[in-house]
Amino acid sequence: MFPPLCFVDVSSGIVPDSSKEELKETLSDEEYDLISKTDDNEFTFKFKLVEFFQNWKLGLN
Numbered sequence: 000m001f002p003p004l005c006f007v008d009v010s011s012g013i014v015p016d017s018s019k020e021e022l023k024e025t026l027s028d029e030e031y032d033l034i035s036k037t038d039d040n041e042f043t044f045k046f047k048l049v050e051f052f053q054n055w056k057l058g059l060n
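Using numbering that gives the first Met the number 0, you'd call the opening residue of the sequence shown number 0 and step up by one each time.
These are computed hints drawn from the structure, not numbers from a lab.
Take these hints with a grain of salt, some might be off.
Stated by the list, open to error - Mimicking SDA-like on lysine to any residue, the simulated pairs with C-alpha atoms at most 25 Å apart in a straight line are:
#	residue 1	residue 2
1	K19	Y31
2	K56	F44
3	K36	V14
4	K19	I34
5	K36	T25
6	K47	G58
7	K23	S35
8	K47	D28
9	K56	K36
10	K36	D16
11	K36	E24
12	K47	Y31
13	K36	P15
14	K36	K47
15	K45	Y31
16	K19	K45
17	K47	D32
18	K36	G58
19	K47	S35
20	K23	I13
21	K36	L22
22	K36	E21
23	K47	I34
24	K23	I34
As the list claims (entries may be wrong) - Per label pair, the in silico range of CB-to-CB distance:
#	residue 1	residue 2	range
25	E20	F42	40 to 46 Å
26	N54	D32	33 to 39 Å
27	I13	L48	41 to 47 Å
28	E41	D16	37 to 43 Å
29	I34	N54	42 to 48 Å
By construction, the Cβ of each residue, glycine as well, lies at the ideal position given by its N, Cα and C atoms.
Construct all of the structure, not just a fragment, from the sequences and the given hints.
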């Protein structure tokens with residue numbers, strides 16, 4: 000039903016073209032693009048409480 004997507008090492012996993020086609024037929028275009036893009040997006044983690052105290056500290060100076 001689903002193409003095999005389990006890898007020992009995700010960073011070097013190679014998906015066969017037949018599995019890619021099967022996956023493309025199963026998912027919508029938006030869903031397929033979401034999992035198939037190889038952009039190295041950077042994530043930034045922020046904490047609202049930390050930002051609040053940093054801004055409050057700047058306001059005291």
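Taking the hints in turn, this is what the structure says about them:
1. A threshold of 25 Å between alpha carbons decides the hint, and for K19 with Y31 the separation of about 9 Å falls inside it, so the pair holds.
2. As the CA atoms of K56 and F44 are separated by approximately 20 Å, the hinted pair is consistent with the 25 Å bound.
3. A hinted pair counts as satisfied when its Cα atoms are at most 25 Å apart, and K36 with V14 qualifies at roughly 13 Å.
4. A threshold of 25 Å between alpha carbons decides the hint, and for K19 with I34 the separation of about 11 Å falls inside it, so the pair holds.
5. For the proposed pair K36 and T25, the alpha carbon gap of about 17 Å is at most 25 Å, so the pair holds.
6. Of the supplied pair hints, the one linking K47 and G58 holds, its CA atoms being roughly 16 Å apart against a limit of 25 Å.
7. Using a Cα cut-off of 25 Å, the hinted pair K23 and S35 holds, with the two alpha carbons roughly 10 Å apart.
8. The straight-line distance between the Cα atoms of K47 and D28 is roughly 35 Å, outside the 25 Å bound, and the hint therefore fails.
9. A distance of roughly 41 Å separates the Cα atoms of K56 and K36; the hinted pair therefore is violated under the 25 Å criterion.
10. A C-alpha spacing of about 15 Å is found between K36 and D16, which places the hinted pair at or below 25 Å, so the restraint holds.
11. A C-alpha spacing of about 17 Å is found between K36 and E24, which places the hinted pair at or below 25 Å, so the restraint holds.
12. With a C-alpha separation of about 33 Å, the suggested pairing of K47 with Y31 is violated against the 25 Å cut-off.
13. Under the criterion of a C-alpha separation no larger than 25 Å, the hint pairing K36 with P15 is consistent with the structure, at around 16 Å.
14. Between K36 and K47 the CA atoms are separated by roughly 30 Å; this puts the pair beyond 25 Å, and the hint is violated.
15. At roughly 29 Å between alpha-carbon atoms, K45 and Y31 are farther apart than 25 Å, so this suggested pair is violated.
16. With a CA separation close to 35 Å, the supplied pair K19 and K45 exceeds the 25 Å bound.
17. Restraint check: the Cα-Cα separation between K47 and D32 comes to about 31 Å, which exceeds 25 Å; the hinted pair is violated.
18. Note on K36 and G58: the hinted pairing is violated, with a Cα-Cα distance of about 42 Å set against a maximum of 25 Å.
19. At most 25 Å may separate the alpha-carbon atoms for a hinted pair to count; K47 and S35 exceed this at roughly 32 Å.
20. Restraint check for K23 and I13: satisfied, since their Cα atoms lie roughly 16 Å apart, inside the 25 Å limit.
21. Note on K36 and L22: the hinted pairing holds, with a Cα-Cα distance of about 14 Å set against a maximum of 25 Å.
22. Restraint check for K36 and E21: satisfied, since their Cα atoms lie roughly 17 Å apart, inside the 25 Å limit.
23. Only pairs whose Cα atoms come within 25 Å are accepted, and K47 paired with I34 is rejected, the gap being roughly 29 Å.
24. Distance restraint check for K23 and I34: the Cα-Cα separation of roughly 11 Å lies within the 25 Å cut-off, and the hinted pair is therefore satisfied.
25. Distance hint check for E20 and F42: the Cβ-Cβ separation is about 30 Å, which falls outside the suggested range of 40 to 46 Å.
26. The hinted range of 33 to 39 Å is satisfied by N54 and D32, whose Cβ atoms lie roughly 37 Å apart.
27. Take I13 and L48: their Cβ atoms lie about 43 Å apart, and the range 41 to 47 Å holds.
28. Taking 37 to 43 Å as the suggested C-beta distance range, the pair E41 and D16 does not conform, at roughly 30 Å.
29. For I34 paired with N54, a C-beta distance near 37 Å fails the hint of 42 to 48 Å.
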